[in-house]
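Protein chains in written order, with our numbering: chain B, 1 to 468; chain P, 1 to 63.
Rather than coming from a laboratory, the hints here were simulated on the basis of the structure.
In this text the structure is predicted, and so the values were computed from the model without any measurement.
One or more of the hints may lead you astray.
[As the list claims (entries may be wrong)] One-sided excerpt, in silico: chain P residues whose CB lies under 7 Å from chain B:
(1) M1
(2) F24
(3) Y27
(4) I28
(5) S33
(6) P49
(7) I52
[As the list claims (entries may be wrong)] In silico lysine-lysine, DSBU-like type, Cα no more than 35 Å apart, as pairs:
(8) B/K368 with B/K347
(9) P/K54 with B/K177
(10) P/K2 with B/K31
(11) B/K459 with B/K409
(12) B/K214 with B/K103
(13) P/K54 with B/K262
(14) P/K2 with B/K259
(15) P/K6 with B/K262
(16) B/K457 with B/K214
(17) B/K409 with B/K396
(18) P/K54 with B/K228
(19) P/K54 with B/K214
(20) P/K25 with B/K457
(21) B/K89 with P/K54
(22) B/K347 with P/K25
(23) B/K459 with B/K89
(24) P/K6 with B/K259
(25) P/K2 with B/K344
(26) B/K262 with B/K149
(27) B/K31 with P/K54
(28) B/K368 with B/K408
(29) P/K54 with B/K259
(30) B/K177 with B/K214
(31) B/K103 with B/K89
(32) B/K177 with P/K2
(33) B/K368 with B/K259
(34) P/K54 with P/K6
[Claimed, not checked] Covered stretches of chain B, going by a simulated chain P footprint (3 or more residues, C-beta under 8 Å):
(35) 174-181
(36) 185-193
(37) 303-312
Built from N, CA and C at the ideal position, the CB exists for glycine as well.
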Amino acid sequence: MKDQKLFKKIVSENNEYERTPVPDNQLKSGKSFLGMYAGEHTAGTEFVIGPLFVAHGVAASDLVLGLLIGNLLAVMSWGFLTGPIATSKRMTLYYQLERITGKSVVNLYNLINALMFCFLAGSMIAVSATAVGIPFNLAMPELTDWYPKTPGWILAVVIMGAIITLIAIRGYNQVAKFANVIAPWMILIFISAAFSALPQLGVHSLDGFIVAAKEVIWTGVPAAGFSKFTIWHVIFFCWFCNMAMHIGMSDLTILRYAKSWKYGFFSFAGMYIGHFVAWIASGILYAVFLQTNVNTNEFAPGPIAYQAAGIAGAVCVVVAGWTTANPTIYRAGLALQGIFPQTKTWKITAIVGGITSLAACFPALVMKLLDFVALYGLVLMPMGAVIFADFYLADKFGFQQEQALNNKKTFTWPALSAWLLTLAVCWLLNYFFGLELFFLGLPGWFVAVILFVLFSKIKFPTLKTKIA
Amino acid sequence: MKTLLKIASYIGLVLTIIPPILFFKSYISLDSSHLYMTIGMLVWFGTAPFWINKKTDESSSES
Chain B
1 MKDQKLFKKI
11 VSENNEYERT
21 PVPDNQLKSG
31 KSFLGMYAGE
41 HTAGTEFVIG
51 PLFVAHGVAA
61 SDLVLGLLIG
71 NLLAVMSWGF
81 LTGPIATSKR
91 MTLYYQLERI
101 TGKSVVNLYN
111 LINALMFCFL
121 AGSMIAVSAT
131 AVGIPFNLAM
141 PELTDWYPKT
151 PGWILAVVIM
161 GAIITLIAIR
171 GYNQVAKFAN
181 VIAPWMILIF
191 ISAAFSALPQ
201 LGVHSLDGFI
211 VAAKEVIWTG
221 VPAAGFSKFT
231 IWHVIFFCWF
241 CNMAMHIGMS
251 DLTILRYAKS
261 WKYGFFSFAG
271 MYIGHFVAWI
281 ASGILYAVFL
291 QTNVNTNEFA
301 PGPIAYQAAG
311 IAGAVCVVVA
321 GWTTANPTIY
331 RAGLALQGIF
341 PQTKTWKITA
351 IVGGITSLAA
361 CFPALVMKLL
371 DFVALYGLVL
381 MPMGAVIFAD
391 FYLADKFGFQ
401 QEQALNNKKT
411 FTWPALSAWL
421 LTLAVCWLLN
431 YFFGLELFFL
441 GLPGWFVAVI
451 LFVLFSKIKF
461 PTLKTKIA
Chain P
1 MKTLLKIASY
11 IGLVLTIIPP
21 ILFFKSYISL
31 DSSHLYMTIG
41 MLVWFGTAPF
51 WINKKTDESS
61 SES
């Protein structure tokens, strides 16, 4: 699959074109992006997100309509925001940010990004551990668990974490190759598992599915201790769960290889396979699990998939978690290496693996995955808004583009201030007005753009040449 | 050889998706479906790595 080649380029140690635009002869066809998006967005997280929608009491019609609209908004964000800037500049997110804000702000961004990657990888290690623990009859975490309950759980997670870290230390390529192998099979496992699960709810036809979807699967009643999700939650979660990548501009690094700006729209493959089919399928699996394990509060993707798809389902959970965690650990290592370039890669990867394994011991990372993913996008989003404003609004509002580069500075304050103040405003909106985390990204983006334009006009106004 | 491997891989995928559909339509039992899916998985993992990444390596060396 060509997507492996593209992805390898992006995360390879000899990161090509790190500080220069990608040349025309290195541009990739649309097919590469189609494959890459489909593979990357059908991953271990999907085994958690679908069931969490069920736990949050989403109604069936809200789910389907919400996913259709939210995914469309995400695809449009990739297509209209990330794609045009990526193919115009053809630079990595990091270098683009460095040209605007200076190296020191990028270091801070890298540090936060690396930590977020660690937590994300940690949740995936925990997901894998739930499947590994099946033959050992391991006590699985429950929906309300935040802390590890048993030594067996800690042991399983630490062993999984150690294996995954060792593989990550060995390098990225083998895992990328294995990820290519599992991608088509994994997509089918999601669909197969749903077909296997439905008869266990008494469903043998489409009509029966519609009835069961409303009355048994997505009943609209949240689990104890879980907030109620409406269609708005589904739309905004769906739109913003990859906010760091589209509105936050992380995917500049990928889409800079695109022949056309329109390739951002190819993200539809990932959205409608991974974030539509797979979320619906994993929700069905969880509903079956709840039906056959009445009064259980257990929430473990491994046993859930095993019940529906047998050994193939459990293996799918292990490898899906592993192949998601591994590149994430690797990316976290790369982000930290940007800050500590003298430190050896294996040492940084080992440290990242240690932090990740420690984080994975806490089931809260899995149970609160929706909140974490939303927070992850929100925290990194303002820098995407900065890049957007720098690209589209500099001439219009009269401030200098790429301020740090043009003024030969390693630190500029407009972007950093816009970033921190935006997060402060979002916190205030949440604390005083009760606006939930999932919705903060939208007002936050406008706040970030306005603040950056304002600060840039003050600090770096366009130098006017007077015509006599 | 590559063609044979590909055919075997696709059979692995067929064994992954068709038995659950047959179970859904009540033609086979859940246990049988699980068994076929496991066989499908083994066939896929036993054959796909030999041609999927070969394709990548070849296209890498072309550019």
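Would you list, in rising numerical order, the hints stated earlier that this structure does not obey?
1, 3, 4, 12, 16, 18, 19, 20, 22, 25, 26, 28, 30, 33
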